[in-house]
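Given the coordinates of chain P, assemble chain H onto it according to the supplied hints.
Going line by line, the protein sequences match chains P and H.
Each number in the working numbering comes from the position in the first sequence (counting from 1) with 25 added on.
Each number in the working numbering comes from the position in the second sequence (counting from 1) with 448 added on.
Bear in mind the hints are in silico, worked out from the structure with no lab data behind them.
Some hints here could point you the wrong way.
[What the hints assert, rightly or not] Taking lysine-lysine pairs in the BS3-like style, the calculated list, with each CA pair at most 25 Å apart, reads: (1) H:Lys811 x H:Lys659; (2) H:Lys681 x P:Lys171; (3) P:Lys178 x P:Lys41; (4) H:Lys776 x P:Lys178; (5) H:Lys685 x P:Lys171; (6) H:Lys628 x H:Lys874; (7) H:Lys696 x H:Lys605; (8) P:Lys171 x P:Lys201; (9) P:Lys171 x P:Lys115; (10) H:Lys456 x H:Lys661; (11) H:Lys856 x H:Lys687; (12) H:Lys681 x H:Lys696; (13) H:Lys681 x H:Lys628; (14) H:Lys600 x H:Lys874; (15) P:Lys201 x H:Lys681; (16) H:Lys605 x P:Lys178; (17) H:Lys628 x P:Lys178; (18) H:Lys681 x H:Lys605.
[What the hints assert, rightly or not] Here are some of the chain P residues that sit facing chain H, going by a computed Cβ distance under 10 Å: (19) Phe46; (20) Lys81; (21) Val131; (22) Leu133; (23) Lys134; (24) Asp136; (25) Val143; (26) His156; (27) Asn217.
Every residue, glycine too, gets a C-beta built ideally from N, C-alpha and C.
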Amino acid sequence: MRTADDAMDAIELLAKYNIPFVESAVAKTDDDAQRFADSIGYPIAMKIATDEPIHKTDIGGVRLNVAPDAVRQTFNDILKSAVSAGVGSKGVMIQQMAKPGIEVIVGLKQDRAFGPIVLFGLGGIYAEALHDVSIRVCPIAEQDAKEMVSELKSSAIFSSRGIEYDTTALVDVLMKASAMAITEPIRELDLNPVIVYPKSSGGGCLVVDVRAVRK
Amino acid sequence: MIMTFDFKPLFQPKSIAVIGASRDPNKIGHVILKNLVEGGFSGQVYPVNPTADVILFQHSFASVKDIPSEVDCAIIVTPPQAVLGVLQECADKGVKAAIIITSGFAEVGNVQGEEEIKRIAKESGMAVIGPNCMGLINPSMRVDSVFNPVYKLGRPKQGEIAFISQSGAIGAAVMDLAAKMGVGMSLFVSYGNAAVVTETDLLEYLRDDPKTKVIAMYIEGVRDGRRFLEVAKEITKTKPIILIKAGKTQAGTKAAASHTAALAGDYAVYSAAFRQAGIIEVESLTDLFDFSKVFLQPFPAGDKVAILTNGGGIGVLTSDWVATHGLKMAEFGDATKQELRVSMPIYINITNPLDLAGDADSKRFKFALDRLLLDENIDSIVLTPLLQTSNLDAGIVEVVINASQQMKKPIVLVTIGGDYTENNRKIIEEGGVPTYTSPYVATKALAKLTWYAMNHYQRE
Numbered sequence: 026m027r028t029a030d031d032a033m034d035a036i037e038l039l040a041k042y043n044i045p046f047v048e049s050a051v052a053k054t055d056d057d058a059q060r061f062a063d064s065i066g067y068p069i070a071m072k073i074a075t076d077e078p079i080h081k082t083d084i085g086g087v088r089l090n091v092a093p094d095a096v097r098q099t100f101n102d103i104l105k106s107a108v109s110a111g112v113g114s115k116g117v118m119i120q121q122m123a124k125p126g127i128e129v130i131v132g133l134k135q136d137r138a139f140g141p142i143v144l145f146g147l148g149g150i151y152a153e154a155l156h157d158v159s160i161r162v163c164p165i166a167e168q169d170a171k172e173m174v175s176e177l178k179s180s181a182i183f184s185s186r187g188i189e190y191d192t193t194a195l196v197d198v199l200m201k202a203s204a205m206a207i208t209e210p211i212r213e214l215d216l217n218p219v220i221v222y223p224k225s226s227g228g229g230c231l232v233v234d235v236r237a238v239r240k
Numbered sequence: 449m450i451m452t453f454d455f456k457p458l459f460q461p462k463s464i465a466v467i468g469a470s471r472d473p474n475k476i477g478h479v480i481l482k483n484l485v486e487g488g489f490s491g492q493v494y495p496v497n498p499t500a501d502v503i504l505f506q507h508s509f510a511s512v513k514d515i516p517s518e519v520d521c522a523i524i525v526t527p528p529q530a531v532l533g534v535l536q537e538c539a540d541k542g543v544k545a546a547i548i549i550t551s552g553f554a555e556v557g558n559v560q561g562e563e564e565i566k567r568i569a570k571e572s573g574m575a576v577i578g579p580n581c582m583g584l585i586n587p588s589m590r591v592d593s594v595f596n597p598v599y600k601l602g603r604p605k606q607g608e609i610a611f612i613s614q615s616g617a618i619g620a621a622v623m624d625l626a627a628k629m630g631v632g633m634s635l636f637v638s639y640g641n642a643a644v645v646t647e648t649d650l651l652e653y654l655r656d657d658p659k660t661k662v663i664a665m666y667i668e669g670v671r672d673g674r675r676f677l678e679v680a681k682e683i684t685k686t687k688p689i690i691l692i693k694a695g696k697t698q699a700g701t702k703a704a705a706s707h708t709a710a711l712a713g714d715y716a717v718y719s720a721a722f723r724q725a726g727i728i729e730v731e732s733l734t735d736l737f738d739f740s741k742v743f744l745q746p747f748p749a750g751d752k753v754a755i756l757t758n759g760g761g762i763g764v765l766t767s768d769w770v771a772t773h774g775l776k777m778a779e780f781g782d783a784t785k786q787e788l789r790v791s792m793p794i795y796i797n798i799t800n801p802l803d804l805a806g807d808a809d810s811k812r813f814k815f816a817l818d819r820l821l822l823d824e825n826i827d828s829i830v831l832t833p834l835l836q837t838s839n840l841d842a843g844i845v846e847v848v849i850n851a852s853q854q855m856k857k858p859i860v861l862v863t864i865g866g867d868y869t870e871n872n873r874k875i876i877e878e879g880g881v882p883t884y885t886s887p888y889v890a891t892k893a894l895a896k897l898t899w900y901a902m903n904h905y906q907r908e
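Excised from the complex, chain P in its bound form (with noise of 0.2 Å):
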């Protein structure tokens, strides 16, 4: 059972690499909350910030697209479904919402067998119920993480309906979780959602969500 002391601070870790990562910030009391909310921006998300293996949104500890004059009684009502379900945090998250994109996921996990490995794959519930996912073992080359990109069954989404993802985005951020992976002390790391934009919208991608545990 992973407790708080396994886990890493995944959002240094991110900024370390230059992956980037949605704007965000841990609130402890609800003034914060606001503080913080009112600071990034609205919209803004906020989600239970905990390093506990569970999904946020089962446990009812998201919320999207927060009111400036709800933050407060959303950061209040957060914690308490924590508690209900008896998950530990240390706070809540205030988060810019990200725009839409494709959501897709990159992650890392050391192998018994090869070290570690980095996994590609679309997000939300597609990856793991459609297991259409790519795996490398670290370290890759470049054409090893555009081929992990193409590879995938549903690669055509990236290029559908006159639409260009920025795909070299996701490639970047490829690269810099398996380096990531050779060089920090992970066990096992999840970047899920990572949000690619279209080409035309100036590109890119985001991080929206992090976990990491430490070896």
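Same frame as chain P, but now just chain H:
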């Protein structure tokens, strides 16, 4: 433990001591000695057994140290409690390699025994295979440590495919099947517990072995995954590795806490790692050699396939599989089309698949095949002759073998039928042509060859 090994005394020994040889025909110590002596091993054989003077007409020694001459390799089949003592004697005498057939080590929890084997090997520099293995067969020198009698388990002829197996039982059975299929091998090794020599060490040897063109493997797990991948990645640039991995279902998974752990199960990672290293993974034991043998063909320059047949239906069926497996149907060049049109009877449609009609004889096949071999728009050829027709003479066997021996393009043959067809198919296979009884398997094998040739062979 990484040691560098001199494999020559192991795979090409000039002399072999069978330690634990037995007069009792039911004991494996007897069968192994018999296989060596009667199988025509090209070097000297010394039985070692303190309780017998003569075994199978060979003078038996009480200990390996009593053998007056040098011994390159020792096959150890004593009971487990005697193994370490006997191995130490080999080390003392300067025996350079050993195959420990005996079981009863790490696989039953006797880790200490295995650590001792490692220690003796490391100190002496001996190349040790096993314990708990079937050992090896080198057809070119008739080195044979496999303890199954030859009338029950066939031995492969000499050839260019090396087969290394983690499981002795499966390895032997598959080798028997391969031998029946007419597959020739450069080496068979069942490496058992891999206490000293591991599968990666064997790969390194095979990388440099000029007699081996294709490496086939059966594994359940790898010792040092990262080193295995590194070595495999290098090898697959010039030699294909065809592999079957057993143990795909998740054994002993705890509830996966992260999405990544849930999605990247042990087998998913193995499969991805193989792909990354350019290893060709197969799904079934029969596929292992069905695919390995196609890799002895010349590598295709591209993915355009021509199908040549005398039975329309099978041509169409085959072309369906060509598409499914990711290959393309070739468009014949103008010169080819013209030459064929001019010489073929009017009722033959000049198209791909090329159906030479039910009255085709071997001459008509030869003419068409020669043209297809010259056409630059065609990278590989699938021949699907139905041999049952009254006009198709036995000359078809020579036509196909001769075409294949030109080694211009990869040729595979599919033919389906009873005794007459099978007899001829086997002769064609003996002639060096990969033959199949299923268009599905034939085209899949060709597709794997094409993928390798176009994506991995000598890739940077």
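Evaluation of the provided hints:
| no. | hint | in the structure |
| --- | --- | --- |
| 1 | H:Lys811 x H:Lys659 | 36 Å, violated |
| 2 | H:Lys681 x P:Lys171 | 18 Å, holds |
| 3 | P:Lys178 x P:Lys41 | 32 Å, violated |
| 4 | H:Lys776 x P:Lys178 | 21 Å, holds |
| 5 | H:Lys685 x P:Lys171 | 20 Å, holds |
| 6 | H:Lys628 x H:Lys874 | 10 Å, holds |
| 7 | H:Lys696 x H:Lys605 | 32 Å, violated |
| 8 | P:Lys171 x P:Lys201 | 13 Å, holds |
| 9 | P:Lys171 x P:Lys115 | 37 Å, violated |
| 10 | H:Lys456 x H:Lys661 | 18 Å, holds |
| 11 | H:Lys856 x H:Lys687 | 19 Å, holds |
| 12 | H:Lys681 x H:Lys696 | 22 Å, holds |
| 13 | H:Lys681 x H:Lys628 | 31 Å, violated |
| 14 | H:Lys600 x H:Lys874 | 21 Å, holds |
| 15 | P:Lys201 x H:Lys681 | 23 Å, holds |
| 16 | H:Lys605 x P:Lys178 | 43 Å, violated |
| 17 | H:Lys628 x P:Lys178 | 39 Å, violated |
| 18 | H:Lys681 x H:Lys605 | 29 Å, violated |
| 19 | Phe46 | 17 Å, violated |
| 20 | Lys81 | 13 Å, violated |
| 21 | Val131 | 9 Å, holds |
| 22 | Leu133 | 7 Å, holds |
| 23 | Lys134 | 5 Å, holds |
| 24 | Asp136 | 5 Å, holds |
| 25 | Val143 | 9 Å, holds |
| 26 | His156 | 7 Å, holds |
| 27 | Asn217 | 6 Å, holds |
The structure fails hints 1, 3, 7, 9, 13, 16, 17, 18, 19, 20 (numbered hints given earlier, in ascending order).
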